[in-house]
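Student: Sequence:
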Amino acid sequence: MDIKLDPSRDDLPLVANTSHILVKHYVLDLDVDFESQVIEGTIVLFLESGNRFKKRSSSTEVTCPSESNEACKFRMPEPCQIPVTNTKTFSSKIGYNDFVICGKGEKDTSGKDGNHDNQEQASGISSSKYCCDTGNHGSEEFLLVLDCCDLSVLKVEEVDVAAVPGIEKFTRSPKLRNQIVHELMALPADRWREQLDYYARCSQAPGCGELLFDTDTWSLQIRKTGAQTATDFPHAIRIQYRTKPQGRSVTWTSDQSGRPCVYTVGSPINNRALFPCQEPPVAMSTWQATVRAAASFVVLMSGENSAKPTQLQEDYSSWHYYVTMPMPASTFTIAVGSWTEMKPEICSSNDVATERSFSPSEADFRYIGVCGHMEYPCRFQKASATTQKIIPHRVFAPACLKGACQETLLPLIPPCLSAAHSVLGTHPFSRLDILIVPANFSSLGMARPNKEKTGHVSDSGSSVIRHGLNPEKVFMQVHYLKGYFLLRFLAKRLGEDTYFSFLRKFVHTFHGQLILSQDFLQMLLENIPEEKRPELSVGNIFRDWLESSGIPQPLQRERQALAECGLAQQVSAEVSAGDAVHALPFLPPRAVGPALHPWRGARDRRRRRATTVAKWVRVNRRPRKRKRKDREEVFEKLLPDQLVLLLEHLLKQKTVTPRTLQSLERIYRLSEQDAEVRHRWCELIVKHKYTKAYRDVERFLQEDQAMGIYLYGELMLSEDPRQQHLARRCFELSREQMDKSSAEVVAEMLF
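The numbering of the sequence shown is the working numbering, which starts it at 22 and goes up by one.
Hints listed in this document are in silico derivations from the structure and should not be mistaken for laboratory results. As the structure is a prediction and not an experimental result, all values here were calculated from the model. Careful: at least some of the hints might be erroneous.
Dumping the calculated BS3-like pairs for lysine-lysine here, alpha-carbon to alpha-carbon at most 27 Å [as the list claims (entries may be wrong)]:
hint : residue 1 : residue 2
1    : Lys526    : Lys513
2    : Lys403    : Lys526
3    : Lys513    : Lys553
4    : Lys329    : Lys190
Given these sequences and hints, build the entire structure.
Tutor: In structure tokens, the structure reads:
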């Protein structure tokens, strides 16, 4: 099943056979070793067979796609071939914050203990070779296919869940392992703590027979002799594995304080190089994870609980997280580093953003009614959760950024959470962890092109993600831009009150579920009066905004209208003749973000910005030697979004003198502003070859690596030897720490 792809242009395969069998819960037990840059341990998968699977149906037969008729080779490692478990892996009891589980026993590395059945099978497969196309072991057997890449799989075995003490308390069939797993997964949502407890106990149960497995570039394939259907296949399996230092799902790097850290990068291959999983979003699952690392490190994960470390022997700590809301495996995140927790002050009601009050009818639907998602402990059913504007949150950062976080970030979080609650309603999660990530974290790390249309979905559920392996697609943001302006267009057409009221209703209706664009648009149009949606239909929106290239027609009409009114007209009136800059609603990728904020500002702020632009145009045109009677221009203090707009306008000037650039930097202290402002400042430096500020460009390329991609291109396009040397030198200093996709794109620019 090995698939050879060209990473520069081909699609990413999703090979998991989710139509036949689904992972409903993962239990991970991992050790993080910074010396070897490896994460190793075990993962237990709790499976549920699909109802479409039928014994010996043609849709479930797996054939080898090789050109020849050679047999597929399935293997199991000999006991002596399994590397010795890292001595830093502990067998002591593990602490769990929210429930108590039994102590963890010693790891089973021989495959001999606890094999209640299948003894003949275990001894018969030790030759490490197995034929899948002929004989009694042919294609009649069911094959579990998991998405997997850049992992060393050491052992796969069935878990004897029937051996768990006390398991008979809630199952009617204590001796049927698959039935035990089925009944465990079927526990009602109000017994979630008990369910997690038994998941943990089952994950530590002894093995009862090793399973045949094989790996290729993109998958892990597992089978059990004699199991012909997904129903027959073991529903609890344990995989012993380790990651590889070059694995594409995690990045081993240093934080801003120079301390080692590792984090999930949200790469094009998502988490398949962190643990074997089912990548398609339809494979919604819950998980719990225990992660051990040196006591000096903090382990953060996308869990629902505020985990605290449990001290272990030899200066090591254990952290435990869990999730009770089923979600795609790609949402699993982990970050381990020497982070410092910033303690936010308790804010009063006056410290949060002013909120629009809900009418009774709007507030009621937020927690009344039956949810449409699969059963889990849902906050939308709790009246107390629906009125919780600010959920508990923790903030972590490198020690060197403690002061900046205390001063700037912490005061912003409560009003942001409150504003989100005001617009969208109930927070879906009970808590939040916020981490200041290292400089090489890709700014679009979690917005990769993995939501585009997939190719043909096979009967097994496998498909492909278009352009998923093309590193250049990371920086093609047109679809995100069009999505933003589509929502903005709808809000303007329907009116903000109507639009935001619909958003709250939509979130309430579809929370906890997978949704498509047509779900959103269909519900929007169904909830809008006919008179407010002339010429709007799902078909028209798809045609104009989602399926056609270029600027959509509705946006072009808005662009023409803006040229004659609003901000553009005010700027034109203030800027000197010949220097009028029309503010277009469709900005280049680098202008997304604060550059869009001016459209939301008050009229006096707009005029102040326009007047400031005119002043700087005059300063730039003024002769170098001025008469004494000339007065110095007085410039007001500008907010970051105002500075972005100012620098955008100045970038359109054909010439900006060194004297003007020096004054800009001095008056606004541009080198101390945020990344959006400094990016425009660096563009001005590069465009006008302002050598005195090249140090600011070097700093930006080092500290803001994801945003610096565009600067590398501008440095090379200038064809200035000094600028090109600067680009190559900065890249050589940063390439080992850079996001892999970013490094590939920059390398193509430079060499």
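Student: Against each hint, give a clear statement of whether it holds in the structure.
Tutor: Hint-by-hint comparison with the structure:
Restraint check: the Cα-Cα separation between Lys526 and Lys513 comes to about 18 Å, which is no more than 27 Å; the hinted pair holds. Between Lys403 and Lys526, the direct Cα distance comes to roughly 16 Å. Compliance with the 27 Å bound is thereby established for this hinted pair. Between the alpha carbons of Lys513 and Lys553 the distance comes to roughly 11 Å, so the proposed pair stays at or under 27 Å and holds. For a cut-off of 27 Å, the pair hint linking Lys329 to Lys190 is broken: about 30 Å separates their Cα positions.
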